[in-house]
Amino acid sequence: MDDQTDIQRTGDAEEKPASPGIPRIGDMAPLFEAETTFGPLRLEDFRDSWLVFFSHPADFTPVCTTEFVAFAKCYNKFQEIGAELLGLSIDSIFSHIGWVRNIEDTFKLKIPFPIVADVDARVARLYGMIMPGDSTTETSRCVFVIDPAGKIRATVYYPLTTGRNVDEILRLVTALQTADKHTVATPVNWRPGEPVIVPPPRTQEAADERIREGYTCRDWYFCTKELQR
Amino acid sequence: MACIDANGKITRSAELILLALLNPLTIEQTAVECRLPLFRVRGSIRELGKTGLVIEVNGKFHTTAKGVSALEGTPII
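These protein sequence lines map, in sequence, to chains Z and D. Sequence positions in the first sequence follow my numbering and run 1 to 229. Sequence positions in the second sequence follow my numbering and run 1 to 77.
This is chain Z alone, in the form it adopts within the complex (with noise of 0.2 Å):
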């Protein structure tokens, strides 16, 4: 990279501030009240338990539509490991409610868990889900995963164009999930299952220990166990 590049990069950053409304792992998730299909909700009436908050661009259209079929086929699977799904757009309750109603009737599957008419954008401005470099007036496929007490732990944002991978966030929630109950980090592709990763030493005599600590190691600062199930 040359010079002049960066003095171009500096300048651009300078003009245009990081998008400091967007909010971030480790954020309290900003709370709303808003319409859904399932009647007016809070934000606040999911905690306690795990919240994928998603949005799609438009109603009835394809990509959105393959989405929905898959959130609401892994519905049960996300229930049973405690988290529940709250979709969003810049569509009318009526919009929802027709295209509920008609994936229902092409597909047959109900879509189980409630969709914000965020008609005024309000909910999509406060977390950054309008990407305007893809769509000023549609909301990218944006996932922030909420955990029980209302801190955003992970966020994700697909383009217009491409579809989510729904097995992607069960597994993510799941892997966020161990985490926190063992205190352990998750290798590259980690399945429910297999080895977790151990935080690794801060100390060197903590590194001196590890090695004797019965875990499998490759090296002091990387190893793995297994969880008891």
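Check before you lean on any hint, since a few could be wrong.
Stated by the list, open to error - Restraint ranges, calculated between C-beta atoms of paired labels, are given here:
| # | chain 1 | residue 1 | chain 2 | residue 2 | range |
| --- | --- | --- | --- | --- | --- |
| 1 | D | E15 | Z | T216 | 39 to 45 Å |
| 2 | D | G49 | Z | A185 | 40 to 46 Å |
| 3 | Z | R212 | D | K60 | 32 to 38 Å |
| 4 | Z | T161 | D | K50 | 38 to 44 Å |
| 5 | Z | R42 | D | T11 | 38 to 44 Å |
| 6 | Z | K225 | D | V32 | 34 to 40 Å |
| 7 | D | K50 | Z | K225 | 50 to 56 Å |
| 8 | D | G49 | Z | F60 | 31 to 37 Å |
| 9 | Z | G26 | D | S69 | 45 to 51 Å |
| 10 | Z | Q79 | D | E56 | 23 to 29 Å |
| 11 | Z | L31 | D | Q29 | 21 to 27 Å |
Derived from the structure by calculation, the hints contain no laboratory data. For clarity, every value in this text was computed on a predicted model and none was experimentally measured. Using N, Cα and C, we set each Cβ at its ideal position, and we do this for glycine too.
Put chain D on the given structure of chain Z with help from the hints.
Below, chain D alone, put in the same frame as chain Z:
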């Protein structure tokens, strides 16, 4: 309001909750009794409370006399 339809009658989920709350219950107990997710019970009880169909006493909710009338079919104004 999600708990009341256009004719002033309570919806099926509201009816389920009002019936459960003929005996005072916590929100968690109501969710178990009605087999509804917690978030849905919280939202519904809040809406039913605004309409005076449910009241909270000492952390438990119960159906009011107005709620009993609604269960009997009296339209909510």
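(Q) Let me make sure I understand: some of the numbered hints might not hold for this structure. Which ones are they, in numerical order? (A) Numbers 1, 3, 5, in rising order.
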